[in-house]
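Protein chains in written order, with our numbering: chain A, 1 to 396; chain B, 1 to 294; chain C, 1 to 307.
Hints were generated in silico from the structure; no laboratory data involved. Hints may contain errors.
[As the list claims (entries may be wrong)] Computed from the model, here is a short list of chain C residues facing chain B with C-beta under 8 Å:
1. Ile-100
2. Arg-102
3. Ala-108
4. Gln-116
5. Phe-120
6. Leu-245
7. Val-273
8. Trp-276
Please read these numbers as outputs of a predicted model, since none were measured by experiment. All C-beta atoms in this analysis are idealised placements derived from N, C-alpha and C, irrespective of residue type, glycine included.
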Amino acid sequence: MKLRALITGLAAACALAPTARAADVVIGDIDDLSGLYSDVSGPGATEAMKMAIADFGGTVLGRRIVTLVADHQNKPDIGASKFREWADQNGLNMLIGGSNTGVNIAMAKVAAAKKVPFFPVGPGGASLTNEDCTAYTVHYAYDTTALANGTATTIVKGGGKTWFFLTADYAFGSQLQNAAAKVVEANGGKVLGAVRVPLSASDFSSFLLQAQGSGAQVIGLANAGEDFVNSMKAANEFGITKSMKPAALLAFLTNIHSLGLETAQGLYLTTGWYWDLNDQTRAFAKRYFDKMKKMPTMDHAGYYSATLTYLKAVKAAGTTDSDKVMAELKRMKISDLFTPNGYVRRDGVMVHDMYVMQVKSPKESRYAWDYYKVVRVMPGEEAFGPVTGLCPLAPK
Amino acid sequence: MTTIFGYPLVVVLGQLVLGLVNGSFYALLSLGLAVIFGLMRVVNFAHGAFYALGAYAALVGLNVLGVGYWPALLLAPLVVGALGVVAERLLLRRLHGLDPLYGLLLTFGLALAIEGTLHQVFGSSGESYPVPEALRGVFNLGFMILPRYRAWVIVVSLVVCFGTWFVIERTRLGATLRAATENAPLLQAFGVNVPVLVAATYGGGVALAAFAGVLSAPVILVSSQMGSALVIVVFAVVVIGGMGSILGAVVSGLLLGLVEGFTKVIYPEASNIVVFVIMALVLIVRPHGLFGRE
Amino acid sequence: MRPATIGYGLALAAALAVPAVGVYPVFMMKLLCFAMFACAFNLLLGFTGMLSFGHAAFFGAAAYATGWLATARGWGTLPALGAGVVVAATLGTAVGALAIRRRGIYFAMITMALAQLVYFVCLEAPFTGGENGLQGVPRGSLAGLVPLRSDVAMYYVVLGAFVGMYLLIRRIVHSPFGQVLKAIRENEARAVSLGYEIDRYKLLAFVLSATLSGFAGALKAVVLGFVTLSDVLQANSGEVILMTLLGGTGTFLGPAVGAGLVVTLQEYLSDLVGGWVTVIIGAVFVACVLLFRRGIVGELLALRARR
Chain A
1 MKLRALITGL AAACALAPTA RAADVVIGDI DDLSGLYSDV SGPGATEAMK
51 MAIADFGGTV LGRRIVTLVA DHQNKPDIGA SKFREWADQN GLNMLIGGSN
101 TGVNIAMAKV AAAKKVPFFP VGPGGASLTN EDCTAYTVHY AYDTTALANG
151 TATTIVKGGG KTWFFLTADY AFGSQLQNAA AKVVEANGGK VLGAVRVPLS
201 ASDFSSFLLQ AQGSGAQVIG LANAGEDFVN SMKAANEFGI TKSMKPAALL
251 AFLTNIHSLG LETAQGLYLT TGWYWDLNDQ TRAFAKRYFD KMKKMPTMDH
301 AGYYSATLTY LKAVKAAGTT DSDKVMAELK RMKISDLFTP NGYVRRDGVM
351 VHDMYVMQVK SPKESRYAWD YYKVVRVMPG EEAFGPVTGL CPLAPK
Chain B
1 MTTIFGYPLV VVLGQLVLGL VNGSFYALLS LGLAVIFGLM RVVNFAHGAF
51 YALGAYAALV GLNVLGVGYW PALLLAPLVV GALGVVAERL LLRRLHGLDP
101 LYGLLLTFGL ALAIEGTLHQ VFGSSGESYP VPEALRGVFN LGFMILPRYR
151 AWVIVVSLVV CFGTWFVIER TRLGATLRAA TENAPLLQAF GVNVPVLVAA
201 TYGGGVALAA FAGVLSAPVI LVSSQMGSAL VIVVFAVVVI GGMGSILGAV
251 VSGLLLGLVE GFTKVIYPEA SNIVVFVIMA LVLIVRPHGL FGRE
Chain C
1 MRPATIGYGL ALAAALAVPA VGVYPVFMMK LLCFAMFACA FNLLLGFTGM
51 LSFGHAAFFG AAAYATGWLA TARGWGTLPA LGAGVVVAAT LGTAVGALAI
101 RRRGIYFAMI TMALAQLVYF VCLEAPFTGG ENGLQGVPRG SLAGLVPLRS
151 DVAMYYVVLG AFVGMYLLIR RIVHSPFGQV LKAIRENEAR AVSLGYEIDR
201 YKLLAFVLSA TLSGFAGALK AVVLGFVTLS DVLQANSGEV ILMTLLGGTG
251 TFLGPAVGAG LVVTLQEYLS DLVGGWVTVI IGAVFVACVL LFRRGIVGEL
301 LALRARR
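Same shape as in the complex, but just chain A (with noise of 0.2 Å):
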């Protein structure tokens, strides 16, 4: 009976494949909807992608607009195996891959194998667009290079010159450091020293202990997620943040959510998109609240952003050929409720303006979700940094 049932269970599932009409024109987004990063991408995203192609009218070049959408449960071969299928089977024109920079190296290595553009928003990885790079890759939202540059430049000129850093102990973690020791050095700081902090750690006092031993003025968290919100909290508890300045490398407004501003405040971080920058980020952010009952990231508005943006360059191109359509988005100017100023750089980078944040005290927050206060707007040629020369579409 339970076997029939899950037979049953599973001839439907394969059944359910969207059936697509050779006249459509395919968006798919395969993200994670399930887990670590479904907070700040995730089911929102989806919906964020949805809104873009409603605001478009739902056509272009006179073909309806479908979307397909797949969880890829962070794990890279069914994220490269939907991709193909939908290439191969679905008539797929475009994929927007959400978070977990290791599933998207996959998948970019599928849109070079079956040209289809491809635009990763939320991975920070900048391998995407360095030694990872395709020619329909368009990296959106922000990457681990922008990130570090915009909080670390912006500290350093400010005065914090001694650094130590609390790094998570994993590629990842090291990128992030090294980014932003770069940074600090150039700008005449220093670093006084790291503690190499083992991935999800139970415990964040004894390391920060060590960071606060080293009279640093600067606590560097090269570290994401849960390991970021619970080595912050430890900081908060022990009195350190009184003494040091946090410095967030990967931070986003969930993180900041769930932190709460009695323990973030006066904490800086870099972000893409802010949903409090303007009236135009303040609409859609209206909008994506009714839906979802959460303030939209930057992943968010960077889905929006970057279905938008695709359209619009099918539109300007006049078909959905994928060589036409890469060519169209790498001369176009981008300017929407994302970026006013952004363009597709040659290595696939969405160059555009970053903001560097810092998190409100309690008191200075006025109504929910009133979490950042711009301490600058960095251009995006100084947050992305100069063409590095490892993807050979780009060289030097």
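Put chains B and C on the given structure of chain A with help from the hints.
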């Protein structure tokens, strides 16, 4: 400045205290595992999930029902313990008499289901639980700043661990429990309702996990995954202490907290694997654990 | 011809025809790799009665070794695969020697803890690429003769590997060595009293299972072209148990059937139920343990035996 092995005394003392705090959590969690294993021969893989459930019970209590920290410290374990009793009656009971491996597999599935549900209901980013008013602020110990709440964690978990040990080793109830481990049918013949005893034990062990969950809620992010990595560490702790030994669970929990604390200073990169290395060493020297009997 | 022979013949014919009927070769290859993994795992659980909760360590470590040698060191496909298998065997010997000092649940917990150790090493070691994983592993060619770039060619190689492993496991189980393993599973004390040095048998079974698991992992790295942390994660150890349990422990075909079901579920279930996948996998686990411990193939065999 006084130094120990080249490290300043103040650093060593500070890590000692912090290690004790973490050790207290390990001790509480491994104690619950040991109690359940001792009587039921079930390795409770869902322990970490119940720990998270305890923290969420406190959080929902505060945000939705207006129940504060102090009542939650008692109520959350009771609620979660009751869930444990239900799980035992509905699921684990059916595996009675089978290979204990099935209990491990069942609770593994249960853990996935509980953590998945928490994730679906509360989302992935987690939430913060405020430190109770009375325990805010810090003690200045001279060599370090110790938040009052961390001091409270040490005290209360030692009291609970000792209390549990006392009940099991020194009271009539405990004697009955231990008798049920040795020879359940005989005890049943004496008129003791063994199935109820077993269900209550599982509930009790799970309640200890939930208690640890409430206790940790103010210091770490409350999330659905908060217990999933911890449970493997606690497994190693229990193997080191000797499975089923109450004293072994508590002592090795505290000891490991300390060892881990020192590793964080000497070789921080290894601080999350030191537990497993020690487990391997203990297995080579004493396969039955530090306090285990053949 | 016996019905079993006909069944096998049909299954093989279907497997051979897969690329022709438009089923995804890459998906099928992934499925076969997991089927091999489950079969190798079953050698330990089903035929020796030892539950390892850390088999992802062997699967993942071999995959990383193969992937790294093929990319960073430019090794050929076969030598890289071989080296991956050797890594799994070595790791299996070390873990096994420690773990078989205890039995049953203790054994399970020890393997889990040691696998967690391996996971941390893979997470933090610089050559694994951390969260990015090892990407762009080349498929290369089979000893310079058969280029594996085409999915169809690769598929037949993987299918061949699966059939080879399946036959090998059958051979092992039916050998005198396999009989001793079964004796250990049924009654360890009796096996001892019969004069068998059971620790040596158990260790050998463990190493064999780890080695074959490593082969599956290494092959998966070559097939998909990447290795990431999800291969060494504890969840992967749990999934292989589920595959084996669902299909039928101690049956030859069961683990492969279970692997097929679980991989397909993961790939397509989330389209239907969204984020509830984990909960459903957990529930399937509980249902397996409570309701059909013999697994699908086991229940079918029992049904036939009753007739």
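For each hint, the structure was consulted:
1. Ile-100: Violated. Min distance 10 Å.
2. Arg-102: Holds, about 6 Å.
3. Ala-108: holds (6 Å)
4. Gln-116: holds (5 Å)
5. Phe-120: This hint holds: Phe-120/C lies near chain B, its Cβ roughly 5 Å from the closest one there, short of 8 Å.
6. Leu-245: Leu-245/C check passes; min Cβ-Cβ to chain B is 7 Å, inside 8 Å.
7. Val-273: violated (10 Å)
8. Trp-276: Given a least distance of 6 Å, the restraint on Trp-276/C holds.
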